[in-house]
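Heads up: the sequence lines are chains L and S, in that order. Here this note's numbering is used: the first residue of the first sequence is 1080, the next is one more, and so on. Here this note's numbering is used: the first residue of the second sequence is 33, the next is one more, and so on.
Please note that the accuracy of each hint is not assured.
Claimed, not checked - Here are the simulated PhoX-like pairs of lysine-lysine, each with C-alpha atoms no more than 20 Å apart in a straight line: (1) S:K79 - S:K50; (2) S:K413 - L:K1133; (3) L:K1133 - S:K424.
Unchecked claim - Facing chain L, according to a computed beta carbon distance under 7 Å, are these residues of chain S, among others: (4) S302; (5) F320; (6) E343; (7) A361; (8) C362; (9) H380; (10) E381; (11) H384; (12) L417.
To be clear, the hints were calculated from the coordinates, so they are not data collected in a lab. Where is the CB? At the ideal position from N, CA and C, for every residue including glycine.
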Amino acid sequence: MGLYNDKVMDHFMNPRNVGELENPDGTGVYGSPVCGDMMQVQIKVENDVIVDAKFKTFGCGSAIASSSMATEMIIGKTIDEALAISNKTIIDELGGLPPVKVHCSVLADHAIKCAIYEYAEKNGKKYKGLEGFDPNEEEDDHDHVAEE
Amino acid sequence: MAEYKNVYLDYSATTPVKEEVLKEMIPYFIEHYGNASSLYTIGLESKSALDKAREQVANLVGASPKEIYFTGSGSEADNWALESTAFDMRAKGKGNHIITSCIEHHAVLHTCEYLEKQGFEVTYLDVDKEGFVSPEDLEKAIKDETVLISIMFVNNEIGTIEPIKELAEVARRHKVLFHTDAVQALGNVEIDVKDLGVDMLSMSAHKIYGPKGQGALYIRRGVRISNFIHGGAQEMGKRAGTENMAGIVGFGKAAEMARTNLDNHIRHCSELRDYLVSEIEKKIPKVFVNGSRKHRHPGNANITFEYIEGESILLLMDMYGVAVSTGSACSSKSLNPSHVLSAIGIPHEMIHGSIRFTTGDYTTKEEIDFAVEKLVEVVEKLRELSPVNSEKGWN
């Protein structure tokens, strides 16, 4: 009986898509070590489809597992599909996180949006899922009561 | 996971009950079940076991048995000392000001916060970079209304041993009662309440290879504080409730063993702790020790591993069977990083990467070697995963 379920532990112990891309089409960084977690995610986009993604994360077990799961979820998806992913869908894919760790999944969700935002800016693209999104917005002080 | 070895390096969290201690406890469940308040034979047998345990605990801290009151935990002892003293002194019109430090255990800090809600004023003394409370700062903080000073003996996170004798001397000079939470000090540093000049001192059995759920409060003869649990005449009427005989007997035996074994214990724990620290410093770059190198709990090592987070380290070490603890916010239910490491000026990002190791009587050099070997792997793995590193810096 551990803190996390088997799926979370598997993604924490054997994280997928770790590293950095050579010429990323978009890079997103979210969080800060001061707050206890920070994620960098890079994406490669071809014809509006995310063909590759890599991440690096400073953080606890659930932050790393959420990062790993999130990158796995976006690879092969269109930008619009990727933007539709919320922290809730990441948690569901992980089979649940302890309530106190829910904010860790927000990290991955935001970092991905930041990476797509950079890609959209560089390529002059507009996506519905990015409306109202501000990558420089302060981390919301770890919204402890985020959706579960 | 390939290699697994149970290596317990968290003796400050709790300790296993020593076999000799358990052996003494067991008869008090089935055989000697008498109520120590009863006047027939099996009751009297319990009473004499209670007296013996009280003497054993008293001997460990240089007190008289009549000055030892058994409680359900170290936290209860802290709550009792602070609450009863505060309310009594205010009722007597002596004042409503309490002084403590900002690195206390939550048993003291949260009791102080409760007392603030009850209208008391509390001063939380700052500490220096190694976690020391200064007697000069204490003296400056004392006011006419000050009724109680509570400073911990040994810090539970960074192991700093506070200058209790000097601090208690300041309190005595100003005629203010002095309490110390000695839960981490007991069995790890020499304690003589008479020499220290403290008025009250909190203890716990499970940190010295005794059972959980058993504590005690030393109250110096002549110091009167209100009863904490109202009911029967147990503990001289101050703390009612039929005695936890097995727990008390276990605490007594553990205290006796801690006293006779103190020098060996200190030598054993500190040698292995020093070895652990030097091995880590030798084999892992970008680490630093938090707290004092000199005046420190013999088994405690609190180390920050830069660029990675503590809960991840803890979980990966656990996969190899190695048990340690962390000051990272992510491991705490409150999501706040360690208040102790914050108080000694460690930046938050480095607090998240802090790990506390504590060696104990059963720690071996082989265990340290295994733990360090795994730690090297774990730190390397997490640093590869981390977006921050020594080249990029913290941003």
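Hints versus structure:
no. : hint             : in the structure
1   : S:K79 - S:K50    : violated, 24 Å
2   : S:K413 - L:K1133 : holds, 16 Å
3   : L:K1133 - S:K424 : holds, 18 Å
4   : S302             : violated, 31 Å
5   : F320             : violated, 16 Å
6   : E343             : holds, 4 Å
7   : A361             : holds, 5 Å
8   : C362             : holds, 4 Å
9   : H380             : holds, 5 Å
10  : E381             : holds, 4 Å
11  : H384             : holds, 5 Å
12  : L417             : holds, 6 Å
Taken one by one, the earlier hints fail for this structure at numbers 1, 4, 5, listed in ascending order.
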